[in-house]
Amino acid sequence: AQTVTQSQPEMSVQEAETVTLSCTYDTSESDYYLFWYKQPPSRQMILVIRQEAYKQQNATENRFSVNFQKAAKSFSLKISDSQLGDAAMYFCAYRGSYNTDKLIFGTGTRLQVFP
Amino acid sequence: DSGVTQTPKHLITATGQRVTLRCSPRSGDLSVYWYQQSLDQGLQFLIQYYNGEERAKGNILERFSAQQFPDLHSELNLSSLELGDSALYFCASSPGVAGGTAQGQFFGPGTRLTVL
Numbered sequence: 001a002q003t004v005t006q007s008q009p010e011m012s013v014q015e016a017e018t019v020t021l022s023c024t025y026d027t028s029e030s031d032y033y034l035f036w037y038k039q040p041p042s043r044q045m046i047l048v049i050r051q052e053a054y055k056q057q058n059a060t061e062n063r064f065s066v067n068f069q070k071a072a073k074s075f076s077l078k079i080s081d082s083q084l085g086d087a088a089m090y091f092c093a094y095r096g097s098y099n100t101d102k103l104i105f106g107t108g109t110r111l112q113v114f115p
Numbered sequence: 001d002s003g004v005t006q007t008p009k010h011l012i013t014a015t016g017q018r019v020t021l022r023c024s025p026r027s028g029d030l031s032v033y034w035y036q037q038s039l040d041q042g043l044q045f046l047i048q049y050y051n052g053e054e055r056a057k058g059n060i061l062e063r064f065s066a067q068q069f070p071d072l073h074s075e076l077n078l079s080s081l082e083l084g085d086s087a088l089y090f091c092a093s094s095p096g097v098a099g100g101t102a103q104g105q106f107f108g109p110g111t112r113l114t115v116l
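Note that the protein sequences, when read in sequence, are chains A and B.
Once you know that position 40 of the first sequence is 40 in the working numbering, the rest is easy, because the numbers rise by one and skip nothing.
Once you know that position 102 of the second sequence is 102 in the working numbering, the rest is easy, because the numbers rise by one and skip nothing.
Honestly, the hints are just simulated from the structure, not real lab data.
Keep in mind that a hint or two might mislead.
Said to hold, decoys possible - In silico DSSO-like pairs for lysine-lysine, Cα to Cα no more than 30 Å straight-line: (1) Lys78/A - Lys55/A; (2) Lys70/A - Lys9/B; (3) Lys55/A - Lys57/B.
As the list claims (entries may be wrong) - Which chain B residues face chain A? A few, computed with CB under 8 Å, are given here: (4) Gly42; (5) Ala56; (6) Leu88; (7) Phe106; (8) Phe107; (9) Pro109.
Note that the Cβ used here is the ideal one computed from N, Cα and C, for glycine as well.
Pulled out of the complex, with its shape left as it was, chain A reads as follows (with noise of 0.2 Å):
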């Protein structure tokens, strides 16, 4: 079965500045896509960014950004000139590609910014 680890319960980060979050996969599938997902304290669940596992290329969205290591099944989110609005949980997911659309997730990394 395909569990994903999240091994930071917590990390903080000053404004303006990066912070990476790390997440890590066990998986047989050779095809698969990786999520990180954002719980801001309203709990609403947003989608930050997206990879497909057959891409090398790592996938950004403004100043949010993976790392993607196949290899290593690692999974890291860089959040690049943080903000305050960037404090929330944040959660890795997985999504194999046969028989199943079902998200698996980590247990999240709290992340808090300070100004």
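Guided by the hints, dock chain B onto chain A, whose structure is given.
Relative to chain A, chain B alone:
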């Protein structure tokens, strides 16, 4: 705003009772997913419907059931409620099913269920 709506936002009920949570997917999305977020279990997939048919089941209790209607809205029914069922229940939607595209799932605001 993801375009996915859920009602009610909050629900407080007693043990042994039955409740129904409602979800309307984004316009054009055929797949609906239900997730449970609790402190001890984290975010867990419960069940998926695609165009009215059950597509996949996760860790859904036998006391729980769901359906998707012809207009594509979905309902999650929770019965014989226990204290441990208190959680945030999310509905999510996506255009289709697995394979070929990096479809993210778009989440509704959730229903906070409290069982007393």
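Unsatisfied constraints (hint numbers, rising): 2
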